[in-house]
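K.L.:
Next come the chains, spelled out residue by residue.
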Amino acid sequence: MANAAILCVDDESIILESLNEQLEKCFGPDYLYETAESAEEGLEIIEELIKDEIKILIIVADWLMPGMNGDEFFIKVHEKYPSIVKIMLTGQANEGAINRAKEHADLFAVLYKPWSEDELFNIIKSGLGKNE
Amino acid sequence: MKNLQLRSKLIIGITLVFVIIIICLIIIRFNIIILIAGYFLSIIIITAITTPHSRQIKIISEALNKLIDNDYSVKIPASRSDELSAITTGFNSMYNQVKEAHEALIESRKKYEKLVDDLEEEYIFYSKSQSGKLLTVSSSVKTILGYDSDEFIKKRESLYTNNPVNKKAKEHERKTLEGKQQPKYTVELLSKKGEPHTLEISEVPIYDEINQLVSIEGVAQDITKGKIAEDLIKEQEEKYSLLFNKASDFVFLYEINDNSKPGKFLEVNDYTTQKLGYSQDELIKMSPADLTAVNFLDDSSKEDHLMENSKFERIWESKDGTLLNVEISSHNFRIQDRNVAIAIARDITERKRVEEEIRYVNEELINQKENLEALIDNLTQTQEQLVQSEKMAALGQLIAGVAHEINTPLGAIKASIGNLNNSLDIALNELPALITRHTTEELKLFIKILELSNHGIPNISSREKRKYRKEIAKVLSDNNIDSPNIVADIFIYLHIFEKYNEIIDLFKSKKSLEILNSAKNFASIQKNTYTILLAVEKATKVVFALKKYVHKDVAGEKVPTDIIDGIETVLTLYHNQLKQGIDVVKNYDELPKVSCYEDEMNQVWTNLIHNAIQAMDYKGVLSISTKNKGDHVFISFADNGSGIEKDIQEKIFEPFFTTKKQGEGSGMGLDIVKKIIEKHDGKITFKSEIGKGTEFNIYLPLK
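One line per chain: the protein sequences are A and B, in this order. Letter by letter, the first sequence follows residues 1 to 132 in my numbering. Letter by letter, the second sequence follows residues 1 to 703 in my numbering.
Treat the hints as calculated values from the structure; they're not laboratory data. Nothing here was measured: the structure is a model prediction, and the numbers come from that model. Keep in mind that a hint or two might mislead.
To be verified - Pairs of lysine-lysine residues, derived as BS3-like cross-links and limited to a Cα-Cα distance of at most 27 Å, are as follows:
1) K76(A) x K619(B)
2) K508(B) x K55(A)
3) K508(B) x K25(A)
4) K646(B) x K25(A)
5) K76(A) x K465(B)
6) K619(B) x K102(A)
7) K25(A) x K619(B)
8) K193(B) x K246(B)
9) K51(A) x K470(B)
10) K467(B) x K80(A)
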């Protein structure tokens, strides 16, 4: 059983569903594909996975979300788990937020919606490579 | 009365003496001749006949004496003696002559007395002693002044008034006493009634044979009535003269020539000379037309004749060249066969100046008004631009969210299409094998799995999904099924959360995972198609809201508008910002359509919702309610944000007032909201409490 996970955080279920399937298709059964509908839930899942001794390799998160925004979420994650690769997937780039995430959360990449499969594949792949 | 008559008769008598003296002088001269003749006659008679004639002579002599005493009763009888007869005839002839003269005298005396009587109404006759003491006064003093003669004599000195003429009168009186004949003079005395009477005095000093002043005879004529009239005329004259000269208008008299044009000045008042700088002498050589400033003659005044009884304006030039606006009113009349006109001209230079000033100020005002109107037009345009730019600013803020709103479904669509293609490829490839390779039992499982899978996106959170996955994995594991986690994952993917029990037994087959994967591929086609559908709906909604939001009113006319629809549109556009932490509580009464500028109304909802979001800092409860009150509607937006400070509450509707950071708001928002609501004859009010939030209430009439 896979002991490494890729976490997707987005408040839109259509994104989570389609993204999840896309990742699974690209990277196969070697990884666990987890989804969270908000940053808060994302933090919960991280803790659960850690507890289950599953290593979180990559987090793909939206920026504009109810409650906590992507940059804030990444900063929080980074404080505790700096090694997790953080990729922002957003429909609208807020320069300030991106810069904050880069500065304080070591943001790995920014993907813009609508993204292409290749783009996603390449970024995740390089992210995974960074982690290995 | 008798006494008075007696006295006056005495005076008349005295006066008569003059006449009598004169008459006597004539008569005496005549008598002397007669006497001389008589004397010679007597001598002749005495020497010639002596005694026989003496009786006749004695008769004649007596008759003569009587005649001298004015006794005309005697008549001498004829004498036989020739000599005496001649004397008698002579005497008788003389007698007749004297008698005639005497009768004429009486006649003239009667006439004189009548004259005096007539004169008594107006004249007082008096005589004074050489020392000036009043001796006699005619009784007419009673008629004229109301005093008896004696009374007048006693009181005379006290009757003089204070009139200065009396001083002169005294002087004349004194001079008369010195024997100097004085011209007529006047004196003013008080009548018994206390009224001043003016008397004209003429006095004549009377001398005796040795040129010694014996008395002064005087006549006083009451000229009071005439005096009063005269005084009145004099007073009038003075008044008019004063009026004429002291008038602070040009007053002048001028000739009218035969061609009815103005001739020379006849008389001008002081004001005219002072104001024009010409002397009287200079002016009387000029005509009013000469004063007209040549340069200023317009067509109407070229023929500068002063029309009869008319009022007109001229520009006059004074001697020093000063120009004066005058308004002349002139009246023609005839005086001693001459055509003249009297005119009053008023200096209206100042009035003209003021009029000109007023005209100028008026023009200025009109200009200013035009400027202001242009300014207002400008402002209106600017305001419209501001409304537009505020709208664009709000839109700009929305765009960010909207981009996300559209890019999200686009992302989902793109990913789903990729997934769909992939699943379809696999499914198509696997299809022949699936049909041929699997047993009927296995195919039944395949069909069952597809039946159980929910193609929609269930209303279930990822958290719940995880819980289900764990549960399912445990159940599978407990049932000794291989790869429970992978199977559980697929179950979750297929949205089979609870009904897995129905197929759990089938998973004991070795091919079950293969079948499950095949089913997953088929389900993926449906699932991704559904995701695409959802995404398209989502994008459509946003695009529709955007389209609605920027919708331009048809020719700026009011249209029946669904208020709630408008609010919902804005909420859709603000979905991204609201979803971050704001609960929108809607409490809608169904509303009739309200006639309004839809576009502008959307801006109202945008501004209020946007303000509420910022006031709550993206976290809180936004309550929106609508109420139908029959003839009007109420719409309220309540947030539980920070509230508005008391001291700025009254400023929030002021243009450019903002508490937001630079770039976050123009400060025009609420000003525009208020203007739009007022444009719809509505009202907007608010209540706010620090820490509790703000509620805006909008009232809109339904016509």
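K.L.:
Looking at the structure, which of the earlier hints fail to hold?
P.N.:
Per hint list: 2, 4, 7, 8 violated.
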